[in-house]
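Q: The chain contents come next:
2 protein chains.
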Amino acid sequence: MLSTAVAARHLRLAGARAASKLQPRAPLLSHTAVAFATPTVRNAFRSLPRATFASVASADKKAFTADQYPYLKRDQSFKKLTDGDLDYFKSVVGLSGVSQDEEDLEVFNIDWMQKYRGQSKLVLKPSTTEQVSKILKYCNDNKLAVVPQGGNTGLVGGGVPVFDEIIISTANMSSVRSFDPVSGALVCDAGCILEVLDNYLAEQGYIMPLDLGAKGSCHIGGNVATNAGGLRLLRYGSLHGTVLGLEVVMPDGTILDNLSTLRKDNTGYDLKQLFIGSEGTLGIITGVSILAPKRSKAVNVALLGVSSFDQVQAAFKRSKDELSEILSAFEFFDRASIDLVKQHLVAGKNDPLESPHPFYVLIETSGSNKDHDDEKLNSYLEGLLTDDIVQDGVVAQDTTQFKNLWAIREGIPEACSKTGSVYKYDLSIPVPVFYQMVEDMRARLEKEGVLGEDKNVRSVVGFGHIGDGNLHLNIAAKSYSDEVANIIEPYVFEWTAKHAGSISSEHGLGLFKAPHVHYSKSPSMLALMRRIKDMLDPNGIMNPYKYLPTE
Amino acid sequence: MLSTAVAARHLRLAGARAASKLQPRAPLLSHTAVAFATPTVRNAFRSLPRATFASVASADKKAFTADQYPYLKRDQSFKKLTDGDLDYFKSVVGLSGVSQDEEDLEVFNIDWMQKYRGQSKLVLKPSTTEQVSKILKYCNDNKLAVVPQGGNTGLVGGGVPVFDEIIISTANMSSVRSFDPVSGALVCDAGCILEVLDNYLAEQGYIMPLDLGAKGSCHIGGNVATNAGGLRLLRYGSLHGTVLGLEVVMPDGTILDNLSTLRKDNTGYDLKQLFIGSEGTLGIITGVSILAPKRSKAVNVALLGVSSFDQVQAAFKRSKDELSEILSAFEFFDRASIDLVKQHLVAGKNDPLESPHPFYVLIETSGSNKDHDDEKLNSYLEGLLTDDIVQDGVVAQDTTQFKNLWAIREGIPEACSKTGSVYKYDLSIPVPVFYQMVEDMRARLEKEGVLGEDKNVRSVVGFGHIGDGNLHLNIAAKSYSDEVANIIEPYVFEWTAKHAGSISSEHGLGLFKAPHVHYSKSPSMLALMRRIKDMLDPNGIMNPYKYLPTE
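Chains as they are written, first to last, in this note's numbering: chain V, 647 to 1197; chain B, 647 to 1197.
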């Protein structure tokens, strides 16, 4: 629908005819406010207290991961924990750094989605790198398996134990070590919470180069260990480019002291890269040096309604030309996504656009000059309307509206989970066939008779970061069933491999995708990965049962 | 000097008082042309034909590297080349892919600076990845040492042999394999010349994410193998972020097929990172997938005269705030640099500013809207003049002037070499002490009585990429002498280490810096590097005598 009316509840983009009447450079979209009545639920899940997980788990005891996945067997070469071991650990980290309490342990044994449940009997919370070094050396010498854990916000079961691995939490390592306001180099402990760092930098006029829904809980060390992507990657690039240096404790206790704050350093193999995205299988990241960009003075957010995925692509192509250096997000979701948000979350109480559309695009710009950015965005949006590439849209007029528009996009995962059980896939797919994956999956589930209002699978939704080619495919079901799982897998992986995609775009491998990595990596690549793992962790104590397929 | 006059020969920046008279948004700096009469010499050295090196070398036989550095001894575990080996190589690459002609070989045995001279008897020019695989497998099985070579434009002797290593050139692998005009992913052979790729992308509205003086000769495979930095790193980041995938042949002939075109892929260790900057010591890069950014529609270049390095820093800090997302280069050079350019190159025939200044800053902006960029740049420059941070400046008014301003900056290395011999250092140094290195070195050389018009050392110049903290310190002498070398080294490395810098910012280690890497990397880092080298290249055939210190 191409509307020229300015609605009372929200601002409509002026259509082609109306736009032509406007004076050049007049701020086309700033007359009327977008009046969302609802409070923001941006990153709602992170406000869930840790205790919630534990109490839920106690009330409705989740099955152990080891029982859910019977192919997993405890590696009997790993030693079982003894009182002697405990005494040693207490001597290293003190009593306050050791937890054996069963209820406390649940918080660390169960992931936040409550999909995985480990059986660890011990959490250690070192507060210095030297303590981590002593712990790992002891574990390695004694073949005690460990799982490093940050904020426990992972989606693939990589941060929780499977059997009785000792959990080493970075929770007690949360200091900023230094910040250089000229270069933007931030050095901090691995246990710093992403949002805390971002707030710290905001005061200095800088911003963290990454942002994600879990930022209120996740640790920067975990972000680096999982090579987290998120919402700013389109603009600031991946952690492989923005991380300047790392401090890492190797399984034998060796401390790799590479906390460089230099932007350029060509003195030898770039070892830190091995640990970025290694998910705790090669060592524990204890310190991070990262290059923070300047915080943009002007930020705009627009939400657009689009009638086809071809038009979503057309809008994306144009944004690269016309928004170019100020484009900071190009996010996408389908109608099924917003339907779930409307159904389950306050963020979806009021539909942001007057009528429903098959597709939605959320665009964010960030720049140093508000007038320039407004002019670029307005010109871009007018062009889209004139050429009938988008049919409707709103532009946030203040911070609240900005947050409300983001809340819809960021609320999708939580809304999906309200259905009961979610099959979550995180795929890199070439943009031209990006949405075909969702359509093919819907058709398949329908054909098999499991998708519908009275069926187990209620909705198949697609959303994600078009700018990065990253599709989040969520299949919301009433409950988990092997029947549904077997319809989805390995079909979803085969489909992705056929289109030269990646079966894990940003979530990582963890426990979930370890058996499937061959869909995205060749035997020669996997063989070299295994050699690296065996060289750096010969006893295999680091985060076992995960990441690489078992031999 | 703060001038408000518009000079005939070049445009002067309007000073504070004049600026205040101007209308808002009037294009302050576009009245008069900058009239450089000289042809551009940008990247002049790359127009030197390969034959020049050979004929010079023949006329004035350069000493062999092995004789210059007597500590280097041929590893006797390496086999010497036999007729049988030659027959095998001919069967793999054909007669045209094999060169044994002595004069031909000089071109590959001697680096472009004519600082290093190897003694190889054989150059192989495979044209497919499979041929590279067969060659390496054979060399590994037979313990024949090899040195991979791209465009032979390196500055640290990393790409030329020391003894009789077989040279494997990527010259015959120069095809673009694919380009995706939606994502900007370019896939090409390792032997593609950087400038050829950039011209290819220009036709599609894209740009290579790196640019450097040697772009007319250097190969993209060599760029990746040395983690080349250059002129666009400030804007587009390092190759660790922009390289999407690599195809690499390992010493045992295994082909690592990881030519992904995906922006995000978290399926296992990011193996390609190991090879970025490994300088041919772990394998040969045969194919590169790289993310090309959109080419900017508007580009501006300004050259500023500044009276102190403190003011250079102040101008840099402001540029991050005010030019922000459109800043694409912030280069710096001192008066000694431009004096050499004036003395030796046509690019320096006319001083770009009316009077000499102690420091010069070259600023480039790249954006999608010329009016916006002009406004940002003008406002930034006016502020610098008003606050007396810069004293004078010019802004390029057309492509020729754009090239002429860059020609001064890019001509500095060539101008230095005209003195006779250059001691070149490429350092990462924290910006606050960036120029102190140059001053301390000058004072030291003066104190030792070797610097002056009638002395061996004629000039100590500092230039480089302020935006990246990368100083190029060039010490121009009449001829090489051990006396001077011993005054400079290890002082320069110790100074750098003391200030937590890097002894190789972007040039790499090669032969030159292998013995000095401990100034920038700890024993634990070096030990792990050695383990990785030994694992991937157990026979040590890949580019021996270089990169890592000998044990």
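Keep in mind that the hints are not guaranteed to be accurate.
For identical chains, the list gives no copy identity; a pair is met inside one copy or between any two copies.
Claimed, not checked - Below, simulated BS3-like cross-link-like pairs (lysine-lysine); rule was C-alpha separation at most 25 Å, straight line: (1) K940 - K966; (2) K1179 - K1049; (3) K1101 - K1144; (4) K767 - K789; (5) K943 - K1016; (6) K761 - K995; (7) K1179 - K1093; (8) K1101 - K943; (9) K1016 - K940.
These are computed hints drawn from the structure, not numbers from a lab.
Q: Take the hints in turn and mark each one as holding or not.
A: Now the hints, each set against the structure:
{"no.": "1", "hint": "K940 - K966", "in the structure": "both (21 Å within a copy, 7 Å between copies)"}
{"no.": "2", "hint": "K1179 - K1049", "in the structure": "neither (42 Å within a copy, 49 Å between copies)"}
{"no.": "3", "hint": "K1101 - K1144", "in the structure": "neither (29 Å within a copy, 68 Å between copies)"}
{"no.": "4", "hint": "K767 - K789", "in the structure": "within (16 Å within a copy, 52 Å between copies)"}
{"no.": "5", "hint": "K943 - K1016", "in the structure": "both (7 Å within a copy, 20 Å between copies)"}
{"no.": "6", "hint": "K761 - K995", "in the structure": "neither (28 Å within a copy, 72 Å between copies)"}
{"no.": "7", "hint": "K1179 - K1093", "in the structure": "neither (43 Å within a copy, 53 Å between copies)"}
{"no.": "8", "hint": "K1101 - K943", "in the structure": "neither (49 Å within a copy, 53 Å between copies)"}
{"no.": "9", "hint": "K1016 - K940", "in the structure": "both (15 Å within a copy, 22 Å between copies)"}
Consistency note: the structure conflicts with the earlier hints numbered 2, 3, 6, 7, 8.
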